[in-house]
Structure formats: structure tokens, C-alpha cells
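*Asks:* Read off the chains here:
There are 2 protein chains.
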Amino acid sequence: LIFFILALAVGFVSIVFVLTWVLYYREGLGWDGGAAEFNWHPLLMVIGFIFLQGIAIVVYRLPWTWRCSKQMMKFIHAGLNVLAFILAVISVVAVFDFHNAKNIPNMYSLHSWVGLAAVILYPTQIVMGIAVYLIPATPVYVRAALMPVHIYSGLFIFTSVIATALMGFTEKLIFGLKSPAYKESPPEAILVNVLGLLIAAFGGLVLWIATR
Amino acid sequence: LIFFILALAVGFVSIVFVLTWVLYYREGLGWDGGAAEFNWHPLLMVIGFIFLQGIAIVVYRLPWTWRCSKQMMKFIHAGLNVLAFILAVISVVAVFDFHNAKNIPNMYSLHSWVGLAAVILYPTQIVMGIAVYLIPATPVYVRAALMPVHIYSGLFIFTSVIATALMGFTEKLIFGLKSPAYKESPPEAILVNVLGLLIAAFGGLVLWIATR
Ligand code: HEM
Ligand code: HEM
Ligand code: HEM
Ligand code: HEM
Ligand SMILES: O=C1O[C@H]([C@@H](O)CO)C(O)=C1O
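Residue numbers (this note's numbering), protein chains in the order written: chain B, 1 to 212; chain L, 1 to 212.
By construction, these hints were calculated from the structure, which means they are not laboratory data.
There are no misleading hints in this set.
Pairs involving identical chains hold if they fit within one copy or between any two copies, as the list cannot separate such chains.
Below, computed lysine-lysine pairings styled on DSS-like, alpha-carbon distance capped at 27 Å: (1) K178 with K102; (2) K183 with K172; (3) K172 with K102; (4) K102 with K183.
Just so you know, these numbers come straight off a predicted model, no measurement behind them.
Construct the complete structure from the given sequences, taking the supplied hints into account.
*Replies:* This is how it looks when you write it as C-alpha cells:
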């Protein structure tokens, strides 16, 4: 429980940090083909793909949910994951639209390759989860046999998303900071580096809870 | 076993890729305060901190090692980790020396923060491992109680190192490729992006083996 409260706290602080970044240091939010449209990308990834996915993963472990039926818990777990996926898709559309408006090539970076792989594997995991654990027809021995695979692939996708975010911060700090440059450690660079450490800590807490 | 052979294969191909990168696309290897000195950094990190650490983690799982005594296995596990640490330290010295020679600031990036954290936590894990599992005085109930912590912290450091490497590739591709730039996807960019995917796959295989 203490780890869950810590994870929630670190998650909230991360969201505050990413909001501070895009609203105060960057150009704010918009949908105009410019930098303000790009900014939806990190914001929605941190809120949706990282925070909500992390909460979805540990939600079965919360003591106050033990009163809910197993069926209800499955709906909450699946629902949070679907919501996280929707935000991730909007987030990716924002970068593609921004790139097209600015004539920047798409899908050239390691960040975009690992990121898109995660965005494609995630709905696969959702569909498999529904097919195996929500549809009543699936026999119990199939459910049991696939549980280690479901948990491993879920945690692998989650970890890949964290790694993708750290690459994303790195790229944006190099591209976005010119004078002073990233190398000169202006306040914005420190803020986002700390945000990266917070995201890594959030990931570590979720993995700790899910592997107890 | 099949997963171990796969991990070995992916690991070897990664080493071939990083060698191709530094020797063919980059400036080769040297210890002259220039780019050739920097190149030791990715090479030793991939060979030592990623490949050898990964092998050290799964070494207890190999069927043909079950004939060895437990004591012998511990020496192999500890020895590989010590070797990986030595290579990581040389690798970090190479970048610091290169930065100082070129008057580039140290420790400004998220990559360097997460990376140095891993380089500091790693010997802590080694010392704890020796104190708890090699020194005969430690009682068995302490050894058993700390095992989940040892496994979690070991896998957390390993995963952080993989994430650090992906940030490192991203940085170096942005800094190193000017015309054609990273965005224009020259062959070097594709090579290193694929190397990043290989490293992620190696990490995934090691985590799969270690959590079975
Ligand atoms: C955490 C999950 C994330 C995923 C799955 C993800 C995915 C993607 C994808 C698929 C692209 C390619 C878009 C295109 O080529 O048009 C992209 C681009 C980009 N993302 Fe992310 N992203 C994530 C987080 C972040 C974060 C937190 C940042 C920080 C600012 C970021 C910064 C960037 C930048 C600068 C680009 C444009 C350069 C490039 O294509 O690499 N990303 N992202
Ligand atoms: C991409 C989306 C998903 C991810 C990343 C994911 C990930 C995970 C993870 C990591 C666990 C282990 C949690 C723990 O032990 O604390 C888990 C458990 C589980 N998931 Fe998912 N999951 C996803 C979608 C779904 C869906 C759509 C269903 C359908 C209902 C589902 C059903 C389950 C069930 C039944 C468990 C076992 C709960 C238990 O008895 O402990 N998952 N999931
Ligand atoms: C995998 C484990 C790795 C660790 C623990 C690590 C650690 C570090 C550290 C501590 C620094 C700071 C040195 C200084 O400030 O003088 C650094 C710098 C650097 N590393 Fe790595 N590194 C790793 C892998 C890589 C890889 C695979 C690359 C790919 C080329 C790379 C590229 C760089 C670059 C370009 C710098 C200089 C810019 C900066 O300080 O961020 N690193 N690394
Ligand atoms: C930084 C270095 C180290 C890392 C990253 C690390 C990591 C790990 C991991 C991940 C496991 C689980 C392996 C598995 O279940 O397949 C493990 C097991 C173990 N480690 Fe370490 N370890 C390190 C250093 C040490 C040292 C120095 C010792 C001292 C001998 C040690 C003793 C053990 C023992 C006894 C096991 C249990 C093996 C078993 O019975 O399954 N470790 N280590
Ligand atoms: O439907 C379910 O499948 C798993 C289990 O049967 C597999 O281990 C679980 O906890 C359910 O509620």
C-alpha cells in the first residue's frame, strides 16, 4: 500500500512537471500545426500511456478493491487500459500532424520505432486480454496457461513505454534548447531531467508492486 | 534453453553492429582525447554493461551449469558482474576524458544522470551480493529474505542500463549526423536504430528467462 501511495505521488508530481514544462517553458497547448500542437504529445503520453497504464497494472493489488467482484475489477483494468490507449493515439496523431505541417520526416528515430511498436502491441494486448479473460467461453486452463504471458508482455510494453519517454525527453531537449543549449544546463533542462528520473521511479514502483 | 540461445545470438549480433558502427561509420578506436576515444564508450557499454551483465543474470539458469557446485556458480555470477563493472568504469572514463579534452560540460543530460546512477548502484549490488551470499557468516534466513530484493534491484539496474543505452544512441545520432542529418535516415541511422531494437530485444529475452 505504501508503495502504491508513493507511485501515485510520483505520478502526480510527474504530471505537474510535464504541465509546467509545456505551459511555462514551452509554447502551451494548441492544435495549429505548430509547437503548441506538438506539446500535446509529451503531455498525453505522460498522463495516458505512462500514468494510467501504470495504475491499470497495479489496480488488482489495491486492498480497497478486494470488496469489488472479480468481474468489476477486470472492467476497471481493461477500461483504464483502453483509455490510456486512446490518449496515446491522440498523442501520436499530434506529432504526425505537427511533422507534416512543418515538413519534418516521420518515423526516422529510434524513439519513434520503439514508440510505435509499443502503440501497436498495446491494442494487441487489450484484444488478447478481452478474448482470454472477459469472454466467458474461454476455458479456465487456457486462462491460467496464458497468465504468465499476459503479465510478461504487459510489463514489457510498459517498460518500453518508459524507455521511449526517456528518449523523447532527450530528443526534445536537444532540439528545443538552442541558446542556452542543453549542454549549458538551463533551468528547463534540469526540470525535464528531473521529470525523466520521476518517470523512471514511477516505472520502478509499478514493477515492484506488480512483481510482489 | 531456446531463449538463452536466442539471447546469445541477439547479443553477438549487437556487438557486431556496435563494432561496425564505431569502426566503419565512425572514427575507430583510440585514446587521444578525440572522437576515437569517445567510441570506446558505446563499445564497452554494449559488451560489458549490457552483454556480460545479461549473461551474468541468466547464468544460474543454464542446464549444463547444474553440474557445477552452487559455490562455483556464485563465483561465475559474481565474476561476470565484476568484469562488467570494470568495463563500464573504463567506458565512463573515456567519455569524461573526451569531454574534458574538448571542453564539453559533464553530467548535463538525462542520459548521463540515469547512466551514472546505474554505475553507482551496480557496485553497491555487487558488495551487497558478496556480503549476503558469499560470506559464510550470513545466516540462511537473511539470505532468503533478501533474495527478492536482490533479484528486483538487479533487474531494475539492468533495465535502467538498457534505457540509458537507447538514450545514448539517440544523442549520438543527433550530434554525430549533420549532413545527411538523422532526420534524413542515412544508412548509419538505420544501422544504429536497428542496434537499439536488438538491445531492447536482448533485454526482453534476459528478463523473460530471469522471471520464469
Ligand atoms: C511515452 C510514450 C511515447 C511514445 C509511444 C511516443 C511515440 C512517438 C512516435 C511514434 C513518434 C513519431 C511521430 C512521427 O514520426 O511523426 C514520436 C515522435 C516524437 N516524440 Fe514521442 N513518444 C512518446 C513520448 C514522448 C515524450 C515524453 C517526448 C518528450 C517531449 C517525446 C518527444 C518526441 C519528439 C521530439 C518526436 C519527434 C522526433 C521523432 O520522430 O523522434 N515523445 N513519438
Ligand atoms: C494493454 C493492456 C493491458 C496491459 C498492459 C495489461 C497488463 C497486466 C499486468 C501487468 C497484469 C499483472 C498485474 C498484477 O499482477 O498486479 C495483468 C493482470 C491481468 N489482466 Fe491485464 N493487461 C492489459 C489488458 C487486459 C485486458 C483487456 C483484460 C481483460 C479483462 C486483462 C485481464 C487481466 C486479468 C484477468 C489479470 C489477472 C488479475 C489477477 O487475477 O491477478 N488485461 N494485466
Ligand atoms: C549503457 C550504459 C551507458 C551508461 C551507464 C552511460 C553513461 C554515461 C555517462 C555517465 C555519461 C556522462 C559523461 C560526462 O558527462 O562526461 C555519458 C555520456 C554520453 N554517452 Fe553514455 N552511457 C551508456 C551507453 C551509451 C551508449 C550505448 C551511447 C551511444 C553512443 C552513449 C552515448 C553517450 C554520449 C553521446 C554522451 C555525451 C553526452 C552526454 O553527456 O549525455 N552512451 N554516458
Ligand atoms: C551488480 C551485480 C549483480 C546483479 C545485477 C545481480 C542480479 C541477479 C539477478 C537478476 C538474479 C536472479 C537470477 C535468476 O533468477 O535467474 C540473481 C541471483 C543471485 N545472485 Fe546476483 N547479482 C549481482 C551480484 C551478485 C553477487 C556479487 C553475488 C554473490 C555471490 C550474487 C549472488 C546471487 C545469488 C546467490 C543468486 C541466486 C541464485 C539462485 O539460487 O537462483 N549476486 N542476481
Ligand atoms: O479469468 C481469469 O483468469 C485468471 C486465472 O484463471 C488465470 O490464472 C484470473 O485470475 C481470472 O479471473
